[in-house]
Amino acid sequence: MEVQTPQDEELDLLDLLVTLAENWKILIFGPLLAGIAAYGIALAIPKTYESSASVQVERAGSSFTAPMAASLAMSADVLQQIAPVAGLDDGLTKEEIYKKLSKRITVNVGKQDKLLNISTQAKSPEAAQKLNQALLDTLFPLSKPRGLEKKQLEVQLASEKTRLEESLKLEHDTSANLSSGKSVTEATSRLYGELLTANSNRQKGILDMERRLEGLDSDDVIQMPTLPELSIKPKKPMLAIGAAVGTGFLLLLFVFIRQALRTAKESSTEQAEKIARIRNAMPW
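According to the UniProt record's numbering, numbering within the sequence shown proceeds without interruption in unit steps and concludes at 284.
By construction, these hints were calculated from the structure, which means they are not laboratory data. Heads up, a few of these hints could be off.
To be verified - Subject to a maximum C-alpha distance of 27 Å in a straight line, what follows is the list of computed DSSO-like cross-link-like pairs (lysine-lysine):
1) K204 to K169
2) K130 to K94
3) K235 to K123
4) K150 to K204
5) K204 to K114
6) K47 to K204
7) K25 to K161
8) K161 to K111
9) K100 to K47
10) K103 to K47
11) K25 to K236
12) K103 to K236
13) K114 to K130
14) K130 to K103
15) K144 to K130
16) K233 to K99
17) K114 to K150
18) K204 to K100
19) K111 to K47
20) K123 to K103
21) K100 to K233
22) K144 to K161
23) K204 to K161
24) K25 to K130
Put together the whole structure using the sequences plus the hints.
Next comes the structure, spelled out in structure tokens:
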């Protein structure tokens, strides 16, 4: 077993330094030029802007949930309706529209707050915001209850309104008795307090049912579609740095391989023959 002496290690280090010294120009200016070129290419790539919006979808007693809204927002039917706003041709099929817009639209539901978060991308800030708003405008009518659910809700709403009217009349009569001081008892006072609470809760319930029948609207939007100021793509600094680092690594690898081939050729006739065979076998 051959043991490498400190002197051999010193020579190997010197060889490494010599190789780097002889090729310092290509190792420095190569990555620098690659980074500049990548940055220049990035300047020519069209910019992409992203608009974001958040909607509070879920309400007490409503069967329309945030995951349902997310599925509807990314359905082929909805995307086809907003295709003109996205600048897509009328001649595209529903599948082609879905493929194109699914790359430009992201919809997700918050794990904690259950908000429906929508992000849309376009070539200008205004177009991104307009596309986001178009998606909301198309989605909102679909949140209205339909069929049996709508009918049941309407019946329940009518019943609650009738009960509220009767209860308000009783509240008014009780209030009149208390004001006149006639037949005022502890039970009458307690009844009046209970009527106030019950009527207040019933009015709130009626408002909730009316909102459910109307579906989602702008009042449910927590964050209106934003008008982005900065583009999200291309990321010019990252492209330039990536190109410079990648080019530097490849050039360093090339320099060391070339130096290794030279050293092998000079040190052994047999190795030189193998290198010649390798070069003859390679197309380049």
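| said: Just to be careful, I want the Cα atoms of K25 and K236 compared with a cutoff of 27 Å; is the pair within it? | reply: holds, 25 Å
| Is K111 within 27 Å of K47, Cα to Cα? | violated, 31 Å
| message | Would the hint linking K204 and K100 be met if the CA-CA limit is 27 Å? | response | violated, 44 Å
| K100 and K233: Cα distance at most 27 Å? | Given pair K100, K233 holds - Cα atoms ~17 Å apart, limit 27 Å.
| said: For K114 and K130, compute the direct alpha-carbon distance and say whether it is at most 27 Å. | reply: holds, 24 Å
| query | Taken at face value, is the distance from the CA of K130 to the CA of K25 at most 27 Å? | reply | violated, 51 Å
| field | Given pair status - K111, K161, alpha carbons within 27 Å | value | Violated, because 36 Å separates the two Cα atoms, which is more than 27 Å.
| Hinted pair K114 and K150, Cα distance within 27 Å | holds, 24 Å
| query | Straight-line Cα separation of K103 and K236 no greater than 27 Å? | reply | holds, 21 Å
| message | What's the verdict on K204 and K161, does the C-alpha distance respect the 27 Å limit or exceed it? | response | Roughly 11 Å separates the two Cα atoms, so the pair holds.
| message | Please verify whether K103 and K47 have alpha carbons no more than 27 Å apart. | response | Roughly 15 Å between the alpha carbons, so the hint for K103 and K47 holds.
| field | Restraint check for K150 with K204, where alpha carbons must lie at most 27 Å apart | value | Between K150 and K204 the Cα gap is close to 19 Å, so the pair holds against 27 Å.
Of the numbered hints listed earlier, those contradicted by the structure are 6, 7, 8, 18, 19, 24.
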